[in-house]
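**Q** Each chain is listed here by its residues.
Number of protein chains: 2
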Amino acid sequence: MSKLYVVGIGPGNNENMTLRAQNALRESDVIVGYTVYVDLVREQYPEKEYLTTPMRHETERVALALSQAANGKTVSIVCSGDAGVYGMSGVAYEMSSDYPDVEIETIPGISAVLSGAAILGAPLMHDFAVISLSDLLTPWEKIEKRLQFAAQADFVICLYNPSSRKRGDYLEKACDLILRYASPDTVCGIARNIGREGETTEILSLGELRKTQVDMFSTVFIGNSQTKTIGGKMVTPRGYKYE
Amino acid sequence: MSKLYVVGIGPGNNENMTLRAQNALRESDVIVGYTVYVDLVREQYPEKEYLTTPMRHETERVALALSQAANGKTVSIVCSGDAGVYGMSGVAYEMSSDYPDVEIETIPGISAVLSGAAILGAPLMHDFAVISLSDLLTPWEKIEKRLQFAAQADFVICLYNPSSRKRGDYLEKACDLILRYASPDTVCGIARNIGREGETTEILSLGELRKTQVDMFSTVFIGNSQTKTIGGKMVTPRGYKYE
Numbered sequence: 001m002s003k004l005y006v007v008g009i010g011p012g013n014n015e016n017m018t019l020r021a022q023n024a025l026r027e028s029d030v031i032v033g034y035t036v037y038v039d040l041v042r043e044q045y046p047e048k049e050y051l052t053t054p055m056r057h058e059t060e061r062v063a064l065a066l067s068q069a070a071n072g073k074t075v076s077i078v079c080s081g082d083a084g085v086y087g088m089s090g091v092a093y094e095m096s097s098d099y100p101d102v103e104i105e106t107i108p109g110i111s112a113v114l115s116g117a118a119i120l121g122a123p124l125m126h127d128f129a130v131i132s133l134s135d136l137l138t139p140w141e142k143i144e145k146r147l148q149f150a151a152q153a154d155f156v157i158c159l160y161n162p163s164s165r166k167r168g169d170y171l172e173k174a175c176d177l178i179l180r181y182a183s184p185d186t187v188c189g190i191a192r193n194i195g196r197e198g199e200t201t202e203i204l205s206l207g208e209l210r211k212t213q214v215d216m217f218s219t220v221f222i223g224n225s226q227t228k229t230i231g232g233k234m235v236t237p238r239g240y241k242y243e
Numbered sequence: 001m002s003k004l005y006v007v008g009i010g011p012g013n014n015e016n017m018t019l020r021a022q023n024a025l026r027e028s029d030v031i032v033g034y035t036v037y038v039d040l041v042r043e044q045y046p047e048k049e050y051l052t053t054p055m056r057h058e059t060e061r062v063a064l065a066l067s068q069a070a071n072g073k074t075v076s077i078v079c080s081g082d083a084g085v086y087g088m089s090g091v092a093y094e095m096s097s098d099y100p101d102v103e104i105e106t107i108p109g110i111s112a113v114l115s116g117a118a119i120l121g122a123p124l125m126h127d128f129a130v131i132s133l134s135d136l137l138t139p140w141e142k143i144e145k146r147l148q149f150a151a152q153a154d155f156v157i158c159l160y161n162p163s164s165r166k167r168g169d170y171l172e173k174a175c176d177l178i179l180r181y182a183s184p185d186t187v188c189g190i191a192r193n194i195g196r197e198g199e200t201t202e203i204l205s206l207g208e209l210r211k212t213q214v215d216m217f218s219t220v221f222i223g224n225s226q227t228k229t230i231g232g233k234m235v236t237p238r239g240y241k242y243e
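Just so you know, the sequences run in chain order A and B. Letter by letter, the first sequence follows residues 1 to 243 in my numbering. Letter by letter, the second sequence follows residues 1 to 243 in my numbering.
Just so you know, these hints were derived from the structure itself, not from any lab. If a hint is listed, it holds; no wrong ones were tucked in.
The list treats identical chains as one, so a pair stands whether inside a single copy or across any two.
List time: in silico DSS-like cross-link candidates among lysine-lysine, alpha-carbon distance up to 27 Å:
id : residue 1 : residue 2
1  : LYS3      : LYS73
2  : LYS145    : LYS173
3  : LYS3      : LYS228
4  : LYS228    : LYS142
5  : LYS173    : LYS228
6  : LYS166    : LYS211
7  : LYS211    : LYS145
8  : LYS211    : LYS173
9  : LYS211    : LYS142
10 : LYS166    : LYS142
11 : LYS73     : LYS48
12 : LYS228    : LYS211
Produce the entire structure from the sequences given, and follow the hints as far as they go.
**A** Here is the structure:
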């Protein structure tokens with residue numbers, strides 16, 4: 001059996017990687033990934049063999065990694081954030097049936113829902129939903145339905161892929177659907193370039209968020225009905241009593 | 001300004017801690033936490049001052065940490081999993097207004113939703129909701145409402161605190177509510193003792209999950225309508241086309 005690690009490397013900087021992720025990369029002969037993420041680890045492990053594929057070539061990337069592993073090499077596929085949240089691990093399992101001699105191990109990493117929450121404050125003290133606004137692989141009607149149920153459930157909502165060049169008005173559309181059930185004063189947050197140069201946070205109301213342009217390096221948080229700001233931080237109370 | 005780190009140490013073993021979490025602990029004079037989690041880090045950093053409080057004494061724990069930091073010490077509060085998912089960071093911000101000279105920094109960690117998903121396979125390839133079944137701080141009616149909206153949204157659902165001695169039938173109740181909208185054949189998973197001795201996984205149907213007893217060291221995953229099993233793993237397809 002040879003090994004394929006699907007490794008979540010966390011947000012941008014190496015500090016947010018787990019020891020286990022680092023050990024897997026150290027142990028690997030070949031490291032496969034999207035160019036930008038591979039460059040993040042190449043500095044640390046310059047002696048490895050690197051194979052890169054462009055953005056969105058996910059199945060090609062996994063096929064490359066599986067065939068390298070089938071040839072007896074220890075291989076890591078690197079994913080930004082977590083390997084299992086809209087990541088490569090699902091594709092790896094789906095394509096693995098043709099490679100019975102490759103054992104897949106998923107190594108979790110800090111996904112943007114956790115790293116973004118940490119720099120914004122403490123928005124996830126209560127039940128939450130994570131929804132991607134990308135309709136590349138999901139019909140927009142399904143996304144609309146999920147946004148509305150999440151708002152009715154009074155979940156804290158974390159939005160991945162809130163915008164792209166082709167989907168400039170998707171965040172506005174999403175806010176409008178949530179506004180059917182939530183107050184325009186709902187506390188929201190934007191985390192930009194998490195763990196990288198240019199990391200910033202912004203706290204604003206849902207009404208303001210609706211009119212805000214974000215880029216593809218942003219993660220958006222929409223509070224629940226109890227979320228508030230404390231000293232510039234976004235905080236969802238858990239319900240403890242204070243004397 | 002003195003520093004209070006709220007540190008997510010991930011599941012049980014040190015391997016799942018980030019470098020950043022380790023640096024914070026190394027830098028700290030005092031480490032505060034629930035006895036069980038403090039014991040996990042004490043071996044690694046025996047020279048620190050340790051202060052422990054029993055389970056559920058969260059506000060007491062945070063007050064202890066804030067007062068130590070106010071006295072000029074660098075302090076870490078350790079949380080299992082992530083510091084921000086039902087964690088201590090919210091309480092820290094809520095109690096911080098009395099300690100203007102203490103700067104709080106939240107260091108994210110691998111929460112059970114990510115570590116559990118990784119050992120079960122790839123359940124989180126699509127939109128998901130995280131719901132705690134503990135009604136200690138949340139009215140059960142609110143939890144019931146959220147479960148039903150999450151099921152209607154066809155989210156993958158991750159349940160924290162699925163059971164305890166006093167709440168032996170809560171998982172059964174939750175499954176019954178989800179079964180109003182989801183098939184009894186829905187693929188589910190249980191991750192037990194993640195990252196610790198006795199780590200196990202179990203894949204079963206929603207109909208079977210309903211009749212299953214889990215303990216407080218379990219995290220439960222309920223697939224969406226597309227979730228399937230591949231080679232004994234729980235996998236939610238993302239929607240890629242395979243030639």
